[in-house]
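Let's have the full structure, built from the sequences with the hints guiding it.
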Amino acid sequence: MLIKAELSQTDLSNADLTGADIRNADLSGANLSGADLTTVANLSGANLSGANLSGANLSGADLTTVANLRNTNLSGANLRNTNLSGANLRNTNLSGVDLSDTNLSGANLSGVDLTTVTKLRNTNLSGANLRNTNLSGANLRNTNLSGANLRNTNLSGANLSGLDLSDTNLNDANLNGADFTGADLTSANLEGISWNQHTKWKNATGLDKAENVPDALRQKLGLA
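Residue numbers are given in numbering that gives the first Met the number 0: position 183 of the sequence shown equals residue 182, and the series is strictly consecutive.
Since the hints were made in silico from the structure, they are not lab data.
Watch out, some of these pointers could steer you wrong.
[To be verified] The calculated lysine-lysine pairs, modelled on DSS-like cross-linking and capped at a C-alpha distance of 27 Å, are:
| hint | residue 1 | residue 2 |
| --- | --- | --- |
| 1 | Lys219 | Lys199 |
| 2 | Lys118 | Lys199 |
| 3 | Lys201 | Lys118 |
| 4 | Lys219 | Lys201 |
| 5 | Lys208 | Lys219 |
Put into structure tokens, the structure is as follows:
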């Protein structure tokens, strides 16, 4: 049991921490590369800012609410089925990460490049802060983005077809070539968005109830 342990800058590379209870521990700057933190590992409240978790296995781990993962290297880590709701992942390296079935509701992912994430299937990003995030070309089908903050996010060429995008903030987002086929944009904020002739709006719903829809888009969709 490592509750509230002081493990800052500690070398825990390739350590077997399966099922370990590391609640509120200080792991800032620690080397956890290749570590096994699977199944019931409890890291809620732990400080992992600046830690190296590259190649670590966090599948099924609990990283809820106040886990600080800011500036952490998670490249190549297995985060499938992980609970990261409310976590601070600002400027975190997520290249090569599988986020399938991961709970990132309410998480802070601002400034993160998600183009190199391998999978976002069934990921819960509801209410997440994705401001200034790069999601260009991402396949976001079956992802929950309701109520997310996507301000100034690069969604060019992204597949958002069929998504519930109600109450999302798309202020100043890049939507060039994005696919919104069948998406629900009820109460979404579209102020300042950029879009082009390749952006797909077929069967998208709720645009008549969306906020700040550009006049040109209103005319194109017959909403003027």
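Right, here's what the structure says about each hint:
For the proposed pair lysine 219 and lysine 199, the alpha carbon gap of about 11 Å is at most 27 Å, so the pair holds. For a cut-off of 27 Å, the pair hint linking lysine 118 to lysine 199 stands: about 23 Å separates their Cα positions. With a CA separation close to 25 Å, the supplied pair lysine 201 and lysine 118 stays within the 27 Å bound. As the CA atoms of lysine 219 and lysine 201 are separated by approximately 11 Å, the hinted pair is consistent with the 27 Å bound.
Pair hint lysine 208 plus lysine 219 holds up; C-alpha atoms about 16 Å apart against a cutoff of 27 Å.
This entry satisfies every hint, going by the numbered hints stated previously.
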